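Participant: The whole structure should be built from the sequences, with the hints applied where relevant.
Just so you know, the sequence shown maps onto residues 1 to 198 in UniProt numbering.
The hints are simulated quantities; they were obtained by calculation from the structure and are not laboratory data.
Keep in mind it's a predicted model, so treat the numbers as computed, not measured.
Misleading hints may appear alongside valid ones.
[To be verified] Listed next, with one range per pair, are the computed distances between beta-carbon atoms: (1) S116 to D25: 29 to 35 Å; (2) P115 to E164: 17 to 23 Å; (3) G61 to T140: 26 to 32 Å.
Note that beta-carbon positions come from the ideal geometry of N, C-alpha and C, so glycine has one too.
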Amino acid sequence: MPVRLVVLISGSGTLLQSLIDACVDPAFDAQIVAVGADRDAIVGLDRARAAGLATFVCKVGQYADRAEWNEALANEVAAYEPDWVISAGFMKIVGAGFLARYGGRMLNTHPALLPSFPGAHAVRDALAHGVKVTGCTLFTVDEGIDTGPIIAQRAVDVLDGDTEESLHERIKVVERQMLIDAIQHLVARQRTAEGEYS
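Facilitator: As structure tokens, then:
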């Protein structure tokens, strides 16, 4: 049985689309069972619906506080019984209530080589510091901001004349493949540990 993924998004869903495309291959051994978002009317939800995937929206503003939102989000995700939760451009920080249920099973990507340049402006910060190499990181989400255990990293050269946009676009291309490769590796490792493959 394929590993079950719930993917959380906030925008255009380019990482989501790479996962949708990868899941078409039976050898990928993972399936997206639902796509959740923190806002509606986004391109990422359109991508999910076009692929025939279940979707849900859980907006922070619909709840009394972040703790209540975290609980609601955790319940929405739980309805799909995922093995892993993938944050693919999800721009909200989940709290302790969510992580109590999915800690160690929630993966996130970041457009920098962590621990360098954490936070929302990683690409801008890398350019401002004049680094010659940056990249992307896949990590397990913990209660910090971009502080969880690192699973995979890929380097991207910073070119003369790079803008934040041009560099970020090159990072995104590498980030998509890193996510697919890492999920494939993690699934294979999990299957081996469970004795499903010899």
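Participant: Work down the list of hints and note, for each, if the structure agrees.
Facilitator: Structure-based check of all given hints:
1. S116 to D25: 29 to 35 Å: 33 Å, holds
2. P115 to E164: 17 to 23 Å: 21 Å, holds
3. G61 to T140: 26 to 32 Å: About 28 Å separates the Cβ atoms of G61 and T140, which means 26 to 32 Å holds.
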